[in-house]
Amino acid sequence: GHVVVLIDVHWAPLQAADVPMAVQAVILPDQAPKLRVTIRLDAAAILLRESRGRFLGRVDIVALFLDAAGASKGGAEESVSLDLTAAQRNDALRQGFNYRQTLPMPEGAHTMVLAARDAATGRMGTVRLDLSKLETALP
Numbered sequence: 497g498h499v500v501v502l503i504d505v506h507w508a509p510l511q512a513a514d515v516p517m518a519v520q521a522v523i524l525p526d527q528a529p530k531l532r533v534t535i536r537l538d539a540a541a542i543l544l545r546e547s548r549g550r551f552l553g554r555v556d557i558v559a560l561f562l563d564a565a566g567a568s569k570g571g572a573e574e575s576v577s578l579d580l581t582a583a584q585r586n587d588a589l590r591q592g593f594n595y596r597q598t599l600p601m602p603e604g605a606h607t608m609v610l611a612a613r614d615a616a617t618g619r620m621g622t623v624r625l626d627l628s629k630l631e632t633a634l635p
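In this text, residue positions in the sequence shown follow this note's numbering: the first is 497, and each later residue adds one.
Simulated from the structure, these hints should not be mistaken for lab results. Here the structure is a predicted model, which means the values were calculated and not measured. There may be inaccurate statements among the hints.
FRET-style restraints, in silico, Cβ to Cβ [unchecked claim]:
#1 R619 x Q584: 30 to 38 Å
#2 A567 x Q591: 35 to 43 Å
#3 R590 x A513: 17 to 25 Å
#4 R619 x T581: 18 to 26 Å
#5 Q527 x S577: 32 to 40 Å
#6 A582 x V522: 28 to 36 Å
#7 K530 x N594: 31 to 39 Å
By construction, the Cβ of each residue, glycine as well, lies at the ideal position given by its N, Cα and C atoms.
Using the sequences plus the hints, can you model the full thing?
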């Protein structure tokens, strides 16, 4: 369930690194500010199962916004299915998997916790971002 995953992420050790990840985030100026997030995952940390010459896997991405007191301001969750050719898998092992999402930024959000979990193994990586330190993109 949705809530259980968010709570698990909330209590996970900060900066868990079983799934190494790099994150870029930028605030998009708008009437309702949005956050554009790009996550690069280390492909070697994701278990891909070979099936008929293709490589299959799944990564669950969770974003959780917290206020200054650490209370949840909501978030988003997406399950990303991977279905790669051998060439795509080799590229991913060299360059990582890139995931991009634009999220509405809740009022009062102070921190964002991002988590990526390999669905096959349960291994997880988390990153915590201080939203006050992010740059705002030029319109």
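Going down the list of hints, with the structure as the test:
Restraint check, R619 to Q584: a C-beta distance of roughly 21 Å breaks the suggested window 30 to 38 Å. At roughly 37 Å, the beta carbons of A567 and Q591 sit within the given window of 35 to 43 Å. Separation of R590 from A513 is about 20 Å and conforms to the stated range, judged on CB atoms against 17 to 25 Å. Checked against the given bound of 18 to 26 Å, the beta carbons of R619 and T581, roughly 24 Å apart, stay inside it.
Under the hint 32 to 40 Å, the C-beta atoms of Q527 and S577, about 34 Å apart, fit the expected range. Checking the proposed 28 to 36 Å range against A582 and V522 shows it holds: the Cβ atoms sit about 34 Å from each other. About 19 Å separates the C-beta atoms of K530 and N594, a value inconsistent with the hinted range of 31 to 39 Å.
When each numbered hint is compared with the structure, violations occur for hints 1 and 7.
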